[in-house]
Amino acid sequence: MIELARASRWYGQVIGINDITFSVGAGITALLGPNGAGKSTVLKLVTGQLRPSSGSVSVFGKRPFANPGVLRQVGYCPEVENCYEDMSGRAFIELMDVLAGLPPRGRADRVNSSMERTGILYAAERKVGGYSKGMRQRLKVSQAILHDPAVLILDEPLNGLDPVGRREMSILFQGLAAEGKCVVVSSHILYEVEQLTHSILLMHRGRLRAQGDIYGIRSLIDLHPHHVLIRCDRPRDLARALLAETYVISAKVDEAAGGSVEIETRAPDALYRALPDIVIGLGVVVAAFESPDNNLEAVFRYLVNE
Amino acid sequence: MADLYILRNALLDLARPARLLVCGLLVLAPAGVALLIRGVGRGSFDGIATYDTLAALLVFGFVLVILSVVFGTGVITREIEQKTIVYLLTRPIARWRILLMKYLAAALAVTVTVEVSILLLAAATTAPREVSGALELRAVSLRDRAQFIKALQFPSNSVMQLLRDNLSEQTLRDVDAWDSGGMLRRGLVRGVLRDVNRLITGPLIYTEATFGTVQLQPDTRQLMATKPRGAALRRANRWLLEDSLPDYLYRSRTTGMRLGRDLLILPIGALAYTALFLLLAAVIRRALIAGLVFAFGWESWVPMVSGKFQMLSIMSYLRTLAPHAKIDAASVNLTFLLQVLTPEAISVRVAWGALVGIIVVGLGAALLVFSLKEYVPGDGDG
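Keeping their order, the protein sequence lines are chains A and B.
Residue numbering for the first sequence follows the working numbering, starting at 2 and increasing by one per position.
Residue numbering for the second sequence follows the working numbering, starting at -6 and increasing by one per position.
By construction, these hints were calculated from the structure, which means they are not laboratory data.
There may be inaccurate statements among the hints.
What the hints assert, rightly or not - On the chain B side, residues computed to face chain A include the following (Cβ under 7 angstroms):
#	residue
1	V79
2	R166
3	A170
4	S173
5	M176
6	S364
Every residue, glycine too, gets a C-beta built ideally from N, C-alpha and C.
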């Protein structure tokens, strides 16, 4: 469905991506790489926002740049959080429905259905300006799936979502892939995407470093400590409980700005499995959950022998 | 259907409270200044002169231009700054259709604002003693009947001499027999007006010898250039006399006549300026700054340059189609503001052609550039 052949893209003197070749079909493919790897450039090329400086990019055999025929089959969830702040969520999705060239008949049903699938229907009448980061992610995914495209391009779609939201979105993406759609998900967090798919494209500094199964990468990344930042009301209590676990190497408490604890672990999977029970057991209120994951950069350095 | 939805949506976006407030202030400003001048001028207030001054300087020269810059460039730059342009460029709809609807919304918003602004200005400058648009002179057309008759007795310029030469024998005798210290007979004034009106309803009275030294108003010149016939010819003759004898005759040109013309030309200006600034925004990133420099730099001084150079300014064409007269220093002390608001080198036909050309070419180029150019917000790259 998507094909890049020796595609390169420069921004003036700066290389965005360099000589990339791959093809992607039905199912979920994760585009993985640290910040600045060139993932968004690839996605912008596929969604017709950019033209390749050299090589070719095609979707269903056609060039996507400003091509409504191709874009009719593509749904795109951008990385940027910005939206039309003065609009309600429903008005925004309605506008996207209009811009998709869909008929007025059935618009209300389509809008409700897409918002319901992403779990944002309850806030449909509220202004987007008042949405949290997670709500915006759900809204962006709503507009991407609205016109039932065969190809879904999702740029960091799990960013800002809480664990429940991540799980709901993952189930949604897997459902779409099971319908035979091509779903491309970009991320800089390995653990995030490995729950979605085993098919990955690894990018680093504008180049495609590896593609295929995730397990080879997985074994490499386990060698490096993994950081998880939890913002909560009682960081010291949570840190104490987590340090009792064998897979936690260290816990750094910061009680400023609402309170947070940064956990370092060599077994993130075990941490993610145990965390909900620990939090509920302590009665701690978790405000946010992030993975300031720089260790992927370390894996890539390892891969390129730096 | 989709186009109408986009248009409606773009209009709603333009009608946000902050913008409405600014538009409201711009709408009221010219009328507010007019009321101020009216209050200060009191008895010497000249409604048409004030209307001309403020329509040229504030409505055409400021409100129209600033709104066109802000709304015209905002169509694209706002989407880029908000990073929402990505939603427009990745949907399966031709880019030009989106931009065309947004352009129409912007031009409509500019048009509505300037039209309301000029209507309020007209209302604020309508003078109570203004003579109606009738073509023939009546007693109320004369500022001071006795002074007028006295001037006919001893003509001090070629135009007054022309009037005297065209008086009937009887009227001429009555004029010369009148003692300027005595009562003015109604029959004398009626006779003078009858004879002058005969001149007005006759062939064109303009000759180089008689009117060569008179500073004619632009609309008088424009009317004469059309080789007027019938009512237009009578109007031309009357305006020639008014321009020549401003101390004796009230103006028959009403604010309403100016207003009708301005209401027609302002939307053309809105379409032309908005198209130009839309193109600017489609091509360069800092379009608002460039637009402001162009609007208040280039568009301010180029129309003042004599000769063909002024053809490089949209304002020159607008002033050709909607000329606003120079004002009399005695009535309102704003003469310095209107030194050269009268275009000389551009014909009406050229002005229409140029404005339509700017709208078509500017808009067409903007739609083409928007369809072909990459607009990617600088959000770094993951």
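### Query
Minimum Cβ distance from A170 (chain B) to chain A below 7 angstroms?
Where the cut-off is 7 angstroms and the nearest Cβ of chain A is about 79 angstroms from A170 (chain B), the hint is violated.
### Query
Was the hint right that S364 (chain B) lines chain A, CB cutoff 7 angstroms?
Status holds, d = 6 angstroms.
#### Entry: chain A contact restraint for S173 (chain B) - C-beta distance below 7 angstroms
73 angstroms, violated
### Query
Minimum Cβ distance from V79 (chain B) to chain A below 7 angstroms?
At about 5 angstroms, which falls below the 7 angstroms cut-off, the nearest Cβ of chain A leaves the hint on V79 (chain B) intact, so it holds.
### Task
Classify the hint on M176 (chain B) as holds or violated, based on whether any CB of chain A lies nearer than 7 angstroms to its CB.
73 angstroms, violated
### Query
Under the criterion of a CB-CB separation shorter than 7 angstroms, is R166 (chain B) in contact with chain A as hinted?
At about 79 angstroms, which exceeds the 7 angstroms cut-off, the nearest Cβ of chain A leaves the hint on R166 (chain B) violated.
The structure fails hints 2, 3, 4 and 5 (numbered hints given earlier, in ascending order).
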